[in-house]
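Visitor: These protein sequences, in sequence, are chains V and R.
Going letter by letter, the first sequence gives residues 66 to 263 in our numbering.
Going letter by letter, the second sequence gives residues 66 to 263 in our numbering.
Because the hints were derived from the structure by calculation, they are not lab data.
A couple of the hints might just be wrong.
[What the hints assert, rightly or not] Stretch by stretch, here's where chain R covers chain V in the computed footprint (C-beta under 8 Å, at least three residues):
hint : segment
1    : 120-133
2    : 156-166
3    : 193-206
4    : 239-245
All C-beta atoms, glycine included, are put in the ideal place defined by N, C-alpha and C.
There are 2 protein chains.
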Amino acid sequence: MSLLPPQIQKTIEEFSKLPGIGPKSAERLTFHLLRSSKASPENLGKALSDLKVELKYCKHCQMVTLQEECLICADSARDHATILVVENPLDVIAFERSGFKGVYHVLHGVLSPIDGMGPEQLKLRELTDRCEKGKIQEVIVATNPDVEGEATASFIRERLKTKVKKITRLAHGLPMGADIEFADQITLKEAIEGRRGL
Amino acid sequence: MSLLPPQIQKTIEEFSKLPGIGPKSAERLTFHLLRSSKASPENLGKALSDLKVELKYCKHCQMVTLQEECLICADSARDHATILVVENPLDVIAFERSGFKGVYHVLHGVLSPIDGMGPEQLKLRELTDRCEKGKIQEVIVATNPDVEGEATASFIRERLKTKVKKITRLAHGLPMGADIEFADQITLKEAIEGRRGL
């Protein structure tokens, strides 16, 4: 016999499936939504139910979009010969703020056998197809500088090295505003190896 | 111009309204739901949309329920003359595990003027009504031992002292399994004041 009505239990259970939300947080969120005047379960429920409706992935870069082609790929003023390969759509937003003027390719994940993410789960075939069409000058691999990201970058280099002239990786080194005293040893080693003329 | 489709932006916005979820977590949760095989936006969306449908509050204790009366209030084997007053429905679940055999009253919040929670926002009138019917022997106030909980407990004592013979508060002291060395000074003070004969 459970004291909580089934719709409350169901909501707690679904919230618990999200990353970083344990059973206690899920309970707190559910009861917050029942009481709050600002957040409402109906609005969040509606937004989630609509989330995948009409959502498309750009036929070139696999970015989330509402059309066949995303706004970036449709823009003829951009450099379509330079592809920046990123893990997920939010990385595109971040690079757009940095003023990058080429185009993107969104992998929708990284290689991670433990999470069931192999090459087939990523948008790698689509990337290979784009490179085989032959007009690509440079592929910049911008996966995160962690174990999975580095493994994915190596995999992409092996797969594309016969197809694209130039394959590069983002520079590693000190982030702007960092304090050398507190930087980790691997970052400092990378910063020395990647040093440039003043 | 935004690069993210409106349904994604809307979901991020609604997630951000929840306690402990900032804009970055909201983005992460939204994209997790788009990709995950375990959690699905449709299931969570459905659960949330159904959350308030058919949900009732027990006419006696204000616990969430599906009937007019909750399972605890409907149980004639329980002690209906002892009311344990709690802040929210999850507290009822916690006390049920402890083996309490009386009945409950759920306030659905605590007095907190900064969050717009005054006496009218709580289920205090319903508690007063129950006590005025005259069969209540004891009201145990089990609000949390924090500023808002203590203020709410004082408020309840003032309001009920002419109506109920016995109004008590949960004991304060060391939790079971605690280490005295690491206990805070207020808890230790309360533990000494509330000492009992061995």
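Visitor: To test your reading of the hints: which numbers does this structure violate?
Guide: Numbers 3, 4, in rising order.
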